[in-house]
Amino acid sequence: MAKVIMRGNQALAEAALRAGCRFFCGYPITPQSEIMEYLAARMPEVGGHFVQSESEVAAGSMLLGAATTGFRVMTGSSGTGFTLKQDAISWMASYDLPGVFVNVCRYGSGLGQSTKAGQDAYLQATKGGGQGCYRPLVYGPGSCQEMVDLMALTFEKAEQYRTPVILLSDGALGQMMEPVELPEYQEPDGDKPWALKGKGKGKGRRLISPQRTDPLYEQHLREKCAHIAATEQRWEAVQTEDAEVILVAYGISGRVCKEAVRVARAKGLKLGLIRPISLWPFPTKPFEQVVETAKGFLVVEMSALGQMTEDVALSVKCQKPVYLYPSGPTPPKGNVILQMVEDILQGKLKEVF
Amino acid sequence: MVVCKTPRLLIEPSLATGICPGCGYGIIKRLLAEVLEELVIDEEAIGVYGIGCTGYVTRHFDIDWLWAQHGRAPASATAIKRLQPEKIVITVQGDGDLCAIGCSEVIHAAVRNEKITVFFLNNGIYGMTGGQMAPTTLPDQITTTSPQGKSPELAGMPMKMTEMISVLPVAYVARGAIYNPAEIRKTKGYMKQALEAQVNNEGFSLVEILSPCPTNWHMTPVKAMERIKNKVVPYYPLGEMVTKGGES
Ligand SMILES: Cc1ncc(C[n+]2csc(CCOP(=O)(O)OP(=O)(O)O)c2C)c(N)n1
Ligand SMILES: [Mg+2]
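Note that the protein sequences, when read in sequence, are chains A and B.
Numbered per our numbering, the first sequence spans residues 93 to 445.
Numbered per our numbering, the second sequence spans residues 16 to 263.
Everything labelled a hint here was simulated from the structure, so no lab data went into it.
Check before you lean on any hint, since a few could be wrong.
Result set (DSSO-like, lysine-lysine): computed pairs, CA atoms no more than 27 Å apart in a straight line [claimed, not checked]:
{"hint": "1", "chain 1": "B", "residue 1": "207", "chain 2": "A", "residue 2": "289"}
{"hint": "2", "chain 1": "B", "residue 1": "175", "chain 2": "B", "residue 2": "201"}
{"hint": "3", "chain 1": "A", "residue 1": "387", "chain 2": "A", "residue 2": "362"}
{"hint": "4", "chain 1": "A", "residue 1": "362", "chain 2": "A", "residue 2": "377"}
{"hint": "5", "chain 1": "B", "residue 1": "201", "chain 2": "A", "residue 2": "293"}
{"hint": "6", "chain 1": "A", "residue 1": "362", "chain 2": "A", "residue 2": "219"}
{"hint": "7", "chain 1": "A", "residue 1": "295", "chain 2": "B", "residue 2": "20"}
{"hint": "8", "chain 1": "B", "residue 1": "175", "chain 2": "B", "residue 2": "246"}
{"hint": "9", "chain 1": "B", "residue 1": "244", "chain 2": "B", "residue 2": "201"}
{"hint": "10", "chain 1": "A", "residue 1": "350", "chain 2": "A", "residue 2": "387"}
{"hint": "11", "chain 1": "B", "residue 1": "207", "chain 2": "A", "residue 2": "295"}
{"hint": "12", "chain 1": "B", "residue 1": "259", "chain 2": "B", "residue 2": "175"}
{"hint": "13", "chain 1": "B", "residue 1": "20", "chain 2": "A", "residue 2": "291"}
{"hint": "14", "chain 1": "B", "residue 1": "207", "chain 2": "A", "residue 2": "291"}
{"hint": "15", "chain 1": "A", "residue 1": "350", "chain 2": "A", "residue 2": "293"}
{"hint": "16", "chain 1": "A", "residue 1": "409", "chain 2": "A", "residue 2": "387"}
{"hint": "17", "chain 1": "B", "residue 1": "20", "chain 2": "B", "residue 2": "175"}
{"hint": "18", "chain 1": "A", "residue 1": "293", "chain 2": "B", "residue 2": "207"}
{"hint": "19", "chain 1": "A", "residue 1": "442", "chain 2": "A", "residue 2": "350"}
Which stretches of chain B does chain A cover? Using the computed rule of at least three CB atoms under 8 Å from a CB of chain A, they are [unchecked claim]:
{"hint": "20", "region": "54 to 67"}
{"hint": "21", "region": "71 to 85"}
{"hint": "22", "region": "95 to 104"}
Away from chain B, derived, C-beta distances all over 12 Å, residues of chain A [stated by the list, open to error]:
{"hint": "23", "residue": "154"}
{"hint": "24", "residue": "206"}
{"hint": "25", "residue": "248"}
{"hint": "26", "residue": "252"}
{"hint": "27", "residue": "270"}
{"hint": "28", "residue": "277"}
{"hint": "29", "residue": "294"}
{"hint": "30", "residue": "298"}
{"hint": "31", "residue": "313"}
{"hint": "32", "residue": "334"}
{"hint": "33", "residue": "385"}
{"hint": "34", "residue": "420"}
We put the beta carbon where it would ideally sit given N, CA and C, even for glycine.
With the sequences and hints as input, model every part of the structure.
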């Protein structure tokens, strides 16, 4: 299929539709609104449903209801709005219900900054912002094309593991325009074993959390999460084999870092990059291969305190120093990265772990 | 001679219902089963129930059920009905669930005129959590969080959600009570009409049912029924507020 130029948010929305998603609900918030605007127009064209909810709390509850029908369903938000959906995510996890929550991350705590992209929803997304123990799979695309490709995967994994899945985009990727190749349309199919369809000629069924009925629930959850952690890691490794310093960055920062690796290599600096694509499960495997050879790891992300540093330190089992470049509400800069790498090599930069 | 017949939807009649002696929820549960049976819509019914003693209404009740987040049943029901318009989607919610935490969800489901039916069980109190003050608690009523009696100065006058919704162009809105056989029969009629509005694709319907909670009102079942007639109904008048096509 020919490539088309699309904005990240719209590419994501179109890809969801083509993955068979037939229900979207959301509440306006920058920089996510283009997703809902796009689907408000497109959903009726394919016989799907769009509901502008009265709040993000209601959008979360709508998604929960929508998920019980067996169809592929999605909601989108950002910042404070994504926070309001945490209860629904926890509830859907408790019911083993699949559904997709998109967070087009904006920077900051509280109201944050609507026009600033951010990567500081990492902990909230990957460690679970709601009550209880659950682990949604989280994907962090690094380009418009990857956003499109991950969208179908996101729905597949949600159904395979019967869990809410989070697509963690950001304001920069959402607004960026790039050529993308769109996939073919998948037929929507609501005929799923977990769906509530009315009892028909059978017996009435109550959707109830297996937590309340299954004495082995905790064990099953542990096994499921261990299985996902072992089999669902995704990443891109760039010139890590001989690298002395390895950058670790996802999403928008991953793009900047890729370019930094190219520039560094041209200068003779042995720099590499691990770009996590699955954020939960965090890709620990690429670190196992390089923990002996690399001198240190530099986490690059758009946050104030660094949110991915612990995961990197745990992945290298604290055997090598982990450094941090928290670029705050502006994208990281290539020259700053290169300077920090030189400082690391000269022992001038203090590690965080 | 048959003098008493258990509705076919109420299965396992020998098992515990969870409902306190004298609570109105047993009557409401039976009425709901009867109307679903009489309209022959139980096979396509999907019930979404709130958090509270309302859950007991759904126990051993043979339709499909989803337990919603506290107050959010109308939002979940909205999505279920949109994706499966051929189903009959109902919610069963208490007054704390619907008037307090879920105030926004029920109002906006009504504003969108979603084709769902809300059964609003008003016992004027948070029953499940042990009798705290609700937005529907009457002035001077003593509860665990209004130990001196509810002060309208501090807590306001009881919320009239059903009246508030009735100003919207929805399909059907009514308030019933169950303190004597005549009112029980009328309430059953309201419930049936609300469901018929959904069957006929007319839009949003809601029936509020005033229900006694002898346990948390600290009264005998008989006194609790009398209190509804003498104290609750004067503030919460009974009857239909919106019928067919939005004409009051
Ligand atoms: C978010 C949330 N807050 C509080 C509770 C605790 N809670 C459980 S039942 C209930 C009261 C329900 O009262 P009402 O809706 O009037 O139903 P009733 O028990 O009177 O039938 C509350 C507050 C909860 N489950 N969830
Ligand atoms: Mg109550």
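Each hint tested on the structure:
For the hint pairing residue 207 of chain B with residue 289 of chain A, the CA-to-CA distance comes to about 22 Å; that is within 27 Å, so the pair holds. A hinted pair counts as satisfied when its Cα atoms are at most 27 Å apart, and residue 175 of chain B with residue 201 of chain B qualifies at roughly 20 Å. Taking the CA atoms of residue 387 of chain A and residue 362 of chain A, the gap is near 11 Å; set against the 27 Å cutoff, the hint holds. A hinted pair counts as satisfied when its Cα atoms are at most 27 Å apart, and residue 362 of chain A with residue 377 of chain A qualifies at roughly 21 Å.
Taking the CA atoms of residue 201 of chain B and residue 293 of chain A, the gap is near 31 Å; set against the 27 Å cutoff, the hint is violated. Straight-line distance between C-alpha atoms of residue 362 of chain A and residue 219 of chain A comes to about 33 Å, which puts the hinted pair past the 27 Å bound. Taking the CA atoms of residue 295 of chain A and residue 20 of chain B, the gap is about 20 Å. The hint holds against a cut of 27 Å. At most 27 Å may separate the alpha-carbon atoms for a hinted pair to count; residue 175 of chain B and residue 246 of chain B meet this at roughly 15 Å.
Only pairs whose Cα atoms come within 27 Å are accepted, and residue 244 of chain B paired with residue 201 of chain B is accepted, the gap being roughly 15 Å. Of the supplied pair hints, the one linking residue 350 of chain A and residue 387 of chain A holds, its CA atoms being roughly 19 Å apart against a limit of 27 Å. In summary, the hint linking residue 207 of chain B to residue 295 of chain A is supported, as the alpha carbons are separated by about 23 Å, within the 27 Å threshold. At roughly 21 Å between alpha-carbon atoms, residue 259 of chain B and residue 175 of chain B fall within 27 Å of each other, so this suggested pair holds.
Our distance criterion of 27 Å between C-alpha atoms is met by residue 20 of chain B and residue 291 of chain A, whose separation comes to about 22 Å. Of the pairs offered as hints, the one joining residue 207 of chain B and residue 291 of chain A holds, with about 20 Å between alpha carbons and a cut-off of 27 Å not exceeded. Of the pairs offered as hints, the one joining residue 350 of chain A and residue 293 of chain A is violated, with about 58 Å between alpha carbons and a cut-off of 27 Å exceeded. For the given pair, residue 409 of chain A sits about 14 Å from residue 387 of chain A by alpha-carbon distance, which is consistent with the 27 Å threshold.
The suggested pairing of residue 20 of chain B with residue 175 of chain B is violated, with an alpha-carbon distance near 36 Å, which exceeds 27 Å. As the CA atoms of residue 293 of chain A and residue 207 of chain B are separated by approximately 22 Å, the hinted pair is consistent with the 27 Å bound. Proximity of residue 442 of chain A to residue 350 of chain A is assessed by CA-CA distance (about 23 Å); at most 27 Å being required, the pair is judged to hold. Closer than 8 Å: that is the beta-carbon criterion, and the region 54 to 67 of chain B has 6 residues meeting it against chain A, so the requirement of 3 holds.
Closer than 8 Å: that is the beta-carbon criterion, and the region 71 to 85 of chain B has 10 residues meeting it against chain A, so the requirement of 3 holds. Requiring three or more residues with a Cβ within less than 8 Å of a Cβ of chain A, the coverage given for the region 95 to 104 of chain B holds, as 6 such residues are present. Not every Cβ of chain B is farther than 12 Å from the Cβ of residue 154 of chain A; the closest lies at roughly 4 Å, contradicting the non-interface assignment. Every beta carbon of chain B lies more than 12 Å from that of residue 206 of chain A, the smallest distance being close to 23 Å; the non-interface claim holds.
Listed as outside the interface, residue 248 of chain A is consistent with that label: its C-beta sits roughly 20 Å from the nearest C-beta of chain B, beyond the 12 Å cut-off. For residue 252 of chain A, the condition that its CB be more than 12 Å from all CB atoms of chain B holds, with the nearest at approximately 21 Å. Look at residue 270 of chain A: its CB is around 32 Å from the nearest CB on chain B, clear of 12 Å, so calling it non-interface holds up. Distance check on residue 277 of chain A: its Cβ is at least 18 Å (rounded) from any Cβ of chain B, clearing the 12 Å threshold; non-interface status holds.
With a least CB separation of 9 Å from chain B, residue 294 of chain A falls inside the 12 Å interface cut-off, contrary to its annotation. Residue placement check: residue 298 of chain A does not keep its beta carbon more than 12 Å from all beta carbons of chain B (closest about 4 Å). Non-interface call for residue 313 of chain A relative to chain B: holds, since the shortest CB-CB distance, roughly 19 Å, exceeds 12 Å. Every Cβ of chain B is farther than 12 Å from the Cβ of residue 334 of chain A; the closest lies at roughly 52 Å, confirming the non-interface assignment.
With a least CB separation of 50 Å from chain B, residue 385 of chain A remains clear of the 12 Å interface cut-off, as annotated. Annotated as non-interface, residue 420 of chain A keeps its C-beta farther than 12 Å from every C-beta of chain B; the closest such distance is 35 Å.
Going down the numbered hints, you'll see the structure goes against 5, 6, 15, 17, 23, 29 and 30, while the others check out.
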